[in-house]
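Visitor: Chains as they are written, first to last, in our numbering: chain A, 1 to 221; chain B, 1 to 221.
Please keep in mind that the hints were generated in silico from the structure rather than gathered at the bench.
Be aware that one or more of the hints could be misleading.
Because identical chains share one entry, a pair is satisfied inside a single copy or across any pair of copies.
Claimed, not checked - Each computed SDA-like pair below joins lysine to any residue, with the alpha-carbon atoms no more than 25 Å apart:
id, residue 1, residue 2
1, K114, R196
2, K114, R59
3, K101, L44
4, K101, R38
5, K101, V3
6, K23, R192
7, K101, E40
8, K24, N136
9, K24, R138
10, K24, T74
11, K23, E87
12, K24, D218
13, K101, E55
14, K101, L42
Listed below are the residues making up each chain.
Number of protein chains: 2
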Amino acid sequence: MRVLYHQWLSPACRKGTDRACGKKLDFELRLESVWEPRLEFLALNPAGDVPVVVETDGRVLADSAAIVEYLEETVPDPPLLAGTPAERAEVRRLVGWFDNKFECEVTRKLVGEKVMSRLTRRGHPDSAAIRAGHANIRTHLEYISWLMERRNWLAGDRLTLADIAAAAHLSCVDYLGDVPWDAYEGRTWYARVKSRPSMRPILADAIPGLPPVQAYADLDF
Amino acid sequence: MRVLYHQWLSPACRKGTDRACGKKLDFELRLESVWEPRLEFLALNPAGDVPVVVETDGRVLADSAAIVEYLEETVPDPPLLAGTPAERAEVRRLVGWFDNKFECEVTRKLVGEKVMSRLTRRGHPDSAAIRAGHANIRTHLEYISWLMERRNWLAGDRLTLADIAAAAHLSCVDYLGDVPWDAYEGRTWYARVKSRPSMRPILADAIPGLPPVQAYADLDF
Numbered sequence: 001m002r003v004l005y006h007q008w009l010s011p012a013c014r015k016g017t018d019r020a021c022g023k024k025l026d027f028e029l030r031l032e033s034v035w036e037p038r039l040e041f042l043a044l045n046p047a048g049d050v051p052v053v054v055e056t057d058g059r060v061l062a063d064s065a066a067i068v069e070y071l072e073e074t075v076p077d078p079p080l081l082a083g084t085p086a087e088r089a090e091v092r093r094l095v096g097w098f099d100n101k102f103e104c105e106v107t108r109k110l111v112g113e114k115v116m117s118r119l120t121r122r123g124h125p126d127s128a129a130i131r132a133g134h135a136n137i138r139t140h141l142e143y144i145s146w147l148m149e150r151r152n153w154l155a156g157d158r159l160t161l162a163d164i165a166a167a168a169h170l171s172c173v174d175y176l177g178d179v180p181w182d183a184y185e186g187r188t189w190y191a192r193v194k195s196r197p198s199m200r201p202i203l204a205d206a207i208p209g210l211p212p213v214q215a216y217a218d219l220d221f
Numbered sequence: 001m002r003v004l005y006h007q008w009l010s011p012a013c014r015k016g017t018d019r020a021c022g023k024k025l026d027f028e029l030r031l032e033s034v035w036e037p038r039l040e041f042l043a044l045n046p047a048g049d050v051p052v053v054v055e056t057d058g059r060v061l062a063d064s065a066a067i068v069e070y071l072e073e074t075v076p077d078p079p080l081l082a083g084t085p086a087e088r089a090e091v092r093r094l095v096g097w098f099d100n101k102f103e104c105e106v107t108r109k110l111v112g113e114k115v116m117s118r119l120t121r122r123g124h125p126d127s128a129a130i131r132a133g134h135a136n137i138r139t140h141l142e143y144i145s146w147l148m149e150r151r152n153w154l155a156g157d158r159l160t161l162a163d164i165a166a167a168a169h170l171s172c173v174d175y176l177g178d179v180p181w182d183a184y185e186g187r188t189w190y191a192r193v194k195s196r197p198s199m200r201p202i203l204a205d206a207i208p209g210l211p212p213v214q215a216y217a218d219l220d221f
């Protein structure tokens with residue numbers, strides 16, 4: 001069976017897990033505390049981060065973008081990056097939006113400060129960063145709502161890797177109850193993403209000692 | 001003609017430019033001061049960053065990874081991301097290494113602090129970050145040397161997007177004279193990358209008031 005080294009509330013890992021389920025692949029999940037470097041893990045991925053996938057033939061894959069592109073090429077059903085080169089560029093632009101812009105402006109400031117600073121015991125959360133995260137997420141929810149007024153899914157007519165990447169980040173923030181869904185149209189889009197069977201293992205996540213807010217796994221939030 | 005919106009010493013833009021030259025595409029270069037947001041530019045890319053490419057038919061492409069994948073799909077010669085899915089995953093892993101890990105640990109700390117803080121007039125450079133950047137770059141040069149003992153190019157037998165991404169970052173740091181090449185085998189790899197005709201426009205870069213160090217454009221450095 002494929003092995004996926006992952007970490008709690010890591011959007012990069014959730015992107016992989018969701019795809020795995022959507023593509024009906026089995027993964028053995030192994031939790032890796034990347035902030036306590038292990039030589040055996042560094043031998044798999046000298047970058048020292050997750051996700052890392054070990055294929056059944058022993059081949060090691062690292063880097064979230066490299067992994068999802070590889071799975072797309074080797075297990076094309078269902079396709080999450082299909083269409084013309086221009087359509088694929090639009091999907092990848094939005095994946096980059098969430099993995100870079102949303103990651104810096106929201107995920108790191110909310111999940112990073114509130115959870116990771118605790119897990120890694122690297123001191124107190126930075127309250128200024130948390131305030132900035134709360135302000136920044138509204139711009140992103142406005143952008144999702146703007147897209148949803150024009151498209152069925154984030155990148156166009158079909159569910160794509162862009163929706164998966166966005167949901168990977170938003171679900172981590174939602175675990176803390178920090179997504180102000182009420183004010184935004186994006187809520188109906190997230191309700192559709194959330195009700196997909198492949199989201200179930202993600203919605204069942206629960207960090208010991210830090211349970212999610214009540215609405216986290218609720219499909220009618 | 002295609003238009004490329006870019007910025008000085010931006011590895012994300014250099015990656016695009018080098019590919020453009022390698023693929024013999026013509027670009028009209030337009031310098032965009034992303035820290036002074038313009039509505040016209042935000043209409044092209046609401047993320048507000050460079051590179052942005054406007055195709056001859058008016059199509060707009062944003063996000064460095066999306067742009068290089070699009071160019072690879074539409075202008076396949078010379079191929080920079082060829083081979084089996086596993087070989088492509090290795091190329092993308094190394095592109096991620098430089099665009100994420102090297103970017104955070106080196107580029108932002110050296111180029112970001114020394115140059116961008118001056119261009120954007122956002123205060124004094126952070127000397128602790130600069131010291132960290134000088135220390136971190138040695139680990140990366142060791143990794144490049146380790147790869148070079150085993151391979152012809154970073155990702156295998158051929159020049160790929162991994163070499164382009166690495167050179168995009170290293171050339172920006174090298175502009176400041178901050179790459180301690182002397183101690184590392186990676187120097188011979190960089191000499192080969194640097195001597196490619198597509199690097200010429202990059203080596204001709206000169207920011208007004210902040211010229212590069214002497215060895216920057218020197219092929220026998």
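Visitor: Confirm or reject each hint.
Guide: Outcome of the hint check:
no.	hint	verdict
1	K114 <-> R196	neither (28 Å within a copy, 47 Å between copies)
2	K114 <-> R59	neither (35 Å within a copy, 40 Å between copies)
3	K101 <-> L44	between (28 Å within a copy, 16 Å between copies)
4	K101 <-> R38	between (30 Å within a copy, 18 Å between copies)
5	K101 <-> V3	between (29 Å within a copy, 23 Å between copies)
6	K23 <-> R192	within (18 Å within a copy, 41 Å between copies)
7	K101 <-> E40	between (32 Å within a copy, 20 Å between copies)
8	K24 <-> N136	neither (35 Å within a copy, 40 Å between copies)
9	K24 <-> R138	neither (34 Å within a copy, 42 Å between copies)
10	K24 <-> T74	within (13 Å within a copy, 31 Å between copies)
11	K23 <-> E87	both (21 Å within a copy, 22 Å between copies)
12	K24 <-> D218	within (23 Å within a copy, 53 Å between copies)
13	K101 <-> E55	between (30 Å within a copy, 24 Å between copies)
14	K101 <-> L42	between (27 Å within a copy, 14 Å between copies)
Checked against the numbered hints listed earlier, the structure breaks hints 1, 2, 8 and 9; every other hint is satisfied.
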